[in-house]
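Residues per chain, in single letters:
Protein chains: 2
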Amino acid sequence: MMTEKIKVGIVGYGNLGKGTELAIAKNKDMELAAVFTRRSPESITLMTPGVSVYSSDEAEKFAGKIDVMILCGGSATDLPEMGPRYAALFNTIDSFDTHAKIPEYFNAVNEAAEKSGHTSIISVGWDPGLFSLNRAYGDAILPDGTSYTFWGRGVSQGHSDAIRRVEGVRDARQYTIPVEGAMSSVRSGERPSLTTREKHTRECFVVAEEGADLSRIEKEIKTMPNYFDEYDTTVHFISEEEMRKNHSGLPHAGFVFRSGSTGNGNNHVIEYSLKLDSNPEFTSSVLVCYARAAYRMNLAGQNGAKTVLDVAPALLSAKSGEQLRAELL
Amino acid sequence: MMTEKIKVGIVGYGNLGKGTELAIAKNKDMELAAVFTRRSPESITLMTPGVSVYSSDEAEKFAGKIDVMILCGGSATDLPEMGPRYAALFNTIDSFDTHAKIPEYFNAVNEAAEKSGHTSIISVGWDPGLFSLNRAYGDAILPDGTSYTFWGRGVSQGHSDAIRRVEGVRDARQYTIPVEGAMSSVRSGERPSLTTREKHTRECFVVAEEGADLSRIEKEIKTMPNYFDEYDTTVHFISEEEMRKNHSGLPHAGFVFRSGSTGNGNNHVIEYSLKLDSNPEFTSSVLVCYARAAYRMNLAGQNGAKTVLDVAPALLSAKSGEQLRAELL
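Which chain is which? The protein sequence lines are A and B, in order.
This note's numbering puts the first residue of the first sequence at 16, with every later residue one more than the last.
This note's numbering puts the first residue of the second sequence at 16, with every later residue one more than the last.
Bound-form chain A, shown alone (with noise of 0.2 Å):
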């Protein structure tokens, strides 16, 4: 039996929209159907054969069309108008990442999927997303524990942006960098108290405008609420060509701890981690294989919006129950 693939819809096509459409290509069960953006369509050209860009206003021509929808908006001010509109017309998956946020995004797109039946699953990625499972996992398995998450070394894009928002600067990259010492501190399940500013620092990499104030520069970053106060800070003034060379990739990294006790003071230590070269490649790997959850709890009726932490393991693999039993348990 020839089974129908999983057609899939992905709005917007930056570095999330591009990442996504290599991951639906690696799963022989799912296609690109089309792809949506708020640019001129003709500007864009897909890496799939066959299948055409259209303007986010036709989307709607497309409900009953299209299976799940991946929506590559930013959370800043994308998701929040994008996830309950396109859950009233499809299922979707999107990174939603303002953790504050969260609760009342949820409610949100919650509301547009039940009244219209479909399967939204929000914040997807790593975190949130693969992060947020082991931090679940950890939290039931070792109720008498503590968690830590580090970030790093890698490139926050938001910091970087908030760098290039300082005068005088042309282009910037900054990565964090998680504390060797409190990763080895957390690892021996001590359970150390940890300050802000103990388990990271931030390296930043900066091409000023000629003749700017360097000093000044340094200064502003390093002060920037939020951003970089509470952080220590490196900044390094380089070249063009320089960030060009060494500075054009968007890697990153991770770990998420989780250490407890059980019994009478015998301790254990989870860890997990994630070492990335393409941060924006992997995060919409882990889209896409949630597209296919989404896609078969719509089949089963379990509408409305969901978290990674709704969805069984087994929904994410094109493999059957069988399978996974013999192959992977």
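It is worth saying that the hints were derived from the structure and are not from the lab.
Watch out, some of these pointers could steer you wrong.
The list treats identical chains as one, so a pair stands whether inside a single copy or across any two.
No more than 30 Å apart at the CA atoms, straight line, and that leaves these computed lysine-lysine pairs for BS3-like [to be verified]: (1) Lys334 - Lys116; (2) Lys214 - Lys234; (3) Lys260 - Lys80; (4) Lys41 - Lys214; (5) Lys234 - Lys80; (6) Lys214 - Lys334; (7) Lys214 - Lys20; (8) Lys334 - Lys80; (9) Lys22 - Lys41; (10) Lys20 - Lys234.
Every value quoted in this text rests on a predicted model; they were computed, and no experiment measured them.
Following the hints, position chain B against chain A.
Just chain B now, kept in the frame of chain A:
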């Protein structure tokens, strides 16, 4: 509102049963209802005040009075009989770990559980269990990839028992040790092909009977089929006192890696690891949070045999969906 606690029973009171008793005490929404044993119930004193020990012949009388029964028997001879028998009477959790026989065991338990309307989660623990989860997540996220599992450094009870069966051996402890170089190679993302011998070594501590032929014992161990012949094995003869002093614990550890590529050759490595002071206490902590899930899945009408791959992570937690989204997502 006072919600009633989940009533958990334990069948079998060895290391795993004792660990389960300790783990239940760490979870405020659960209580130990009773312990069942094939030994004489009077010979067992529980740590939990007010709870009784019964003969396993009496278990039937508790049908409807215990929400979930945790089966702490061994996989070789206990569970193949216990699994289906208890699934006919209770929701159950077990740690069946004979990988090759899981499909057959699943079917037997599934038949009993479906018929009686119970939910039975089989093969729970860390391998199979948490490691299976990580193999499945990794396989789904990075379909173009390779998975690796390493065990140790830790005590293998099966291998220790095998050595104890050698003539002239009074006591033995076998440590499984992952090969550092092999792990580094996997961690680097190069996706090596590794033979059994290249992945693990085995270190044995043996107390011999007085006057036994040590070189014969060493040779018998090192050439033992299935257990040691495919590994580089070291044998140390030690005194009974040294055994008691340095090898009385049951620590274990292990690693699951998924190394894979996306797009045009970007590599990613996912690493999951455990470092456990007490293998049975950690394993039973996993069993206990899956008991919560079995209870909930049964209330939701999801009957039959399940594995960890069928269980949504949120079902393991005593926290509500709102709490999980706000605190852990």
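Structure-based check of each hint:
1. Lys334 - Lys116: Cα proximity of Lys334 and Lys116: across copies only (19 Å, versus 35 Å in one copy).
2. Lys214 - Lys234: within (22 Å within a copy, 51 Å between copies)
3. Lys260 - Lys80: Classified as neither: same-chain Cα gap 43 Å, cross-chain 68 Å, threshold 30 Å.
4. Lys41 - Lys214: between (36 Å within a copy, 29 Å between copies)
5. Lys234 - Lys80: neither (54 Å within a copy, 68 Å between copies)
6. Lys214 - Lys334: between (39 Å within a copy, 27 Å between copies)
7. Lys214 - Lys20: Cα proximity of Lys214 and Lys20: none, with 45 Å in one copy and 39 Å across.
8. Lys334 - Lys80: Intra 24 Å, inter 38 Å, cutoff 30 Å: intra-copy only.
9. Lys22 - Lys41: For Lys22 and Lys41, only the intra-copy Cα distance (14 Å) is at most 30 Å; the inter-copy one is 46 Å.
10. Lys20 - Lys234: neither (54 Å within a copy, 57 Å between copies)
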